[in-house]
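A.B. asks: Those protein sequences? They're chains D and S, same order as listed.
The numbers in the working numbering rise by one with no breaks, and the one at position 27 of the first sequence is 27.
The numbers in the working numbering rise by one with no breaks, and the one at position 28 of the second sequence is 28.
For the record, the hints were derived by calculation from the structure and aren't laboratory data.
Careful: at least some of the hints might be erroneous.
A few chain D residues facing chain S, derived, Cβ under 10 Å [as the list claims (entries may be wrong)]:
{"no.": "1", "residue": "Ala-24"}
{"no.": "2", "residue": "Pro-50"}
{"no.": "3", "residue": "Gly-71"}
{"no.": "4", "residue": "Phe-74"}
{"no.": "5", "residue": "Trp-86"}
{"no.": "6", "residue": "Arg-108"}
{"no.": "7", "residue": "Thr-134"}
{"no.": "8", "residue": "Val-137"}
{"no.": "9", "residue": "Pro-139"}
Beta-carbon label-pair distances, calculated as ranges [as the list claims (entries may be wrong)]:
{"no.": "10", "chain 1": "D", "residue 1": "Asp-23", "chain 2": "S", "residue 2": "Met-104", "range": "21 to 29 Å"}
{"no.": "11", "chain 1": "D", "residue 1": "Met-111", "chain 2": "S", "residue 2": "Gly-62", "range": "16 to 24 Å"}
{"no.": "12", "chain 1": "S", "residue 1": "Gln-106", "chain 2": "D", "residue 2": "His-124", "range": "42 to 50 Å"}
{"no.": "13", "chain 1": "D", "residue 1": "His-124", "chain 2": "S", "residue 2": "Gly-37", "range": "40 to 48 Å"}
{"no.": "14", "chain 1": "S", "residue 1": "Met-1", "chain 2": "D", "residue 2": "Thr-28", "range": "17 to 25 Å"}
{"no.": "15", "chain 1": "S", "residue 1": "Gly-107", "chain 2": "D", "residue 2": "Glu-126", "range": "21 to 29 Å"}
Listed below are several chain D residues computed to face chain S (Cβ distance under 7 Å; list not exhaustive) [claimed, not checked]:
{"no.": "16", "residue": "Pro-49"}
{"no.": "17", "residue": "Phe-84"}
{"no.": "18", "residue": "Met-111"}
The beta-carbon is built from N, C-alpha and C at its ideal position, and this holds for glycine as well.
Letter by letter, the chains look like this.
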Amino acid sequence: MAGEAWAPHRFAVERDRIREFADAVGETDPLHLDLEAARAAGHPDLVAPPMFSVVYSGPAIEEAMFDPAVGIDFAMLVHGAQEFEWGPLVHAGDEISTSVRLAEVRERIGMTFYVFESASANHHGEEVCAGRWTQIVRPRA
Amino acid sequence: MSELRVTPDASTTERYARASGDHNPIHLDDEFARSVGLPGRILHGLYTMSLIARAQTEAFGGPASLRRLSVQFRGAALPGHEITIESTAGERDGACVAVAISVMQQGKAVVRGASAEVRV
Numbered sequence: 001m002a003g004e005a006w007a008p009h010r011f012a013v014e015r016d017r018i019r020e021f022a023d024a025v026g027e028t029d030p031l032h033l034d035l036e037a038a039r040a041a042g043h044p045d046l047v048a049p050p051m052f053s054v055v056y057s058g059p060a061i062e063e064a065m066f067d068p069a070v071g072i073d074f075a076m077l078v079h080g081a082q083e084f085e086w087g088p089l090v091h092a093g094d095e096i097s098t099s100v101r102l103a104e105v106r107e108r109i110g111m112t113f114y115v116f117e118s119a120s121a122n123h124h125g126e127e128v129c130a131g132r133w134t135q136i137v138r139p140r141a
Numbered sequence: 001m002s003e004l005r006v007t008p009d010a011s012t013t014e015r016y017a018r019a020s021g022d023h024n025p026i027h028l029d030d031e032f033a034r035s036v037g038l039p040g041r042i043l044h045g046l047y048t049m050s051l052i053a054r055a056q057t058e059a060f061g062g063p064a065s066l067r068r069l070s071v072q073f074r075g076a077a078l079p080g081h082e083i084t085i086e087s088t089a090g091e092r093d094g095a096c097v098a099v100a101i102s103v104m105q106q107g108k109a110v111v112r113g114a115s116a117e118v119r120v
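So that you can see chain D by itself, here it is in the shape it has in the complex:
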């Protein structure tokens, strides 16, 4: 199963999704909330907080995790670890394309570790985020 890759998903970044996310995680920086402030600071539109990567890469990651061929037992799933590395900022109006591959599957003391890697690029072809998602499936009692 390791090495499996899925077709890219596209995500159009909307202002309301940025504001909703910023609000949910307590961001108060006007770059995420106030269009005039973002433009005054030289941005083309509202700026997505870095962790908005969860939103634009979510559909691609979900398709991979829910693929029956991977066979994750969701009742026993815990999110083990997460890493993101960011490139240029994402703004409202960007279109982000995310590809996911299953980088690694390994077993340790009865638990199965699935490591997915995501690569997200904007419509200029710049890599805006690379993610490493470690999911752990515990054994059923």
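Let chain D serve as the given structure and place chain S on it in line with the hints.
C.D. replies: For chain S alone, kept in the frame of chain D given last:
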């Protein structure tokens, strides 16, 4: 060192679920969460990670300053109790600084080995 303290409230997990699209009932339904051995609904790990990211961007100069963030989730963070995030800047390497991060709730670490790289 910089510190961010946040007390997630009863609506935090609903709002994060809507914003992120993660509607797993362990984050939304106390009864379901207890049925799978949790003390009640727990915070999304990626919500906690978003607080950690915010602690960095607020301390180091905005959203463009955060280059990398890595977190191992341990235990379960709960709504209704204060989370304390301490970020300690280490060696400077060119334009980047490595940051060691601790995240505590009720005296327990809720992540392990959290680290960031920020542009300064």
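A.B. asks: Each hint should be assessed against the structure and marked as holding or not.
C.D. replies: Do the hints match the structure? See the list:
1. With 10 Å as the threshold, the beta carbon of Ala-24 of chain D comes within range of chain S, its nearest partner Cβ sitting at about 4 Å, so the hint holds.
2. Taken as an interface hint, Pro-50 of chain D checks out: its beta carbon lies about 5 Å from the nearest beta carbon of chain S, inside 10 Å.
3. Against a cut-off of 10 Å between C-beta atoms, the interface hint on Gly-71 of chain D is violated, since the closest Cβ of chain S lies about 18 Å away.
4. At about 8 Å, the closest approach between the beta carbon of Phe-74 of chain D and any beta carbon in chain S falls short of 10 Å, and the interface hint on this residue holds.
5. With its C-beta approaching chain S no nearer than about 6 Å, Trp-86 of chain D sits inside the 10 Å limit, and its interface hint holds.
6. The closest approach between the C-beta of Arg-108 of chain D and any C-beta of chain S is roughly 14 Å, which is over the 10 Å cut-off, so the hint fails.
7. Here the hint on Thr-134 of chain D is kept, as its CB sits about 8 Å from the closest CB of chain S, short of 10 Å.
8. Given hint, Val-137 of chain D at the interface with chain S, is violated; its Cβ is 14 Å from that chain's nearest Cβ, farther than 10 Å.
9. With 10 Å as the threshold, the beta carbon of Pro-139 of chain D stays out of range of chain S, its nearest partner Cβ sitting at about 14 Å, so the hint is violated.
10. Look at Asp-23 of chain D against Met-104 of chain S: about 25 Å separates their beta carbons, and that is inside 21 to 29 Å.
11. Restraint check, Met-111 of chain D to Gly-62 of chain S: a C-beta distance of roughly 39 Å breaks the suggested window 16 to 24 Å.
12. Range check, Gln-106 of chain S to His-124 of chain D: Cβ separation about 45 Å, and the 42 to 50 Å hint holds.
13. For His-124 of chain D and Gly-37 of chain S, the hinted distance range of 40 to 48 Å is satisfied, since their beta carbons lie about 47 Å from each other.
14. In this structure the hint that Met-1 of chain S and Thr-28 of chain D lie 17 to 25 Å apart at CB holds, the actual value being about 21 Å.
15. Between Gly-107 of chain S and Glu-126 of chain D the CB atoms are about 43 Å apart, so this pair departs from the stated range of 21 to 29 Å.
16. A cut of 7 Å between beta carbons decides the hint on Pro-49 of chain D: the least distance to chain S is about 6 Å, and the hint holds.
17. Residue-level restraint check for Phe-84 of chain D holds (minimum Cβ-Cβ distance to chain S is 6 Å; threshold 7 Å).
18. The interface hint given for Met-111 of chain D is violated, since its Cβ lies 14 Å from the closest Cβ of chain S, which is over the 7 Å cut-off.
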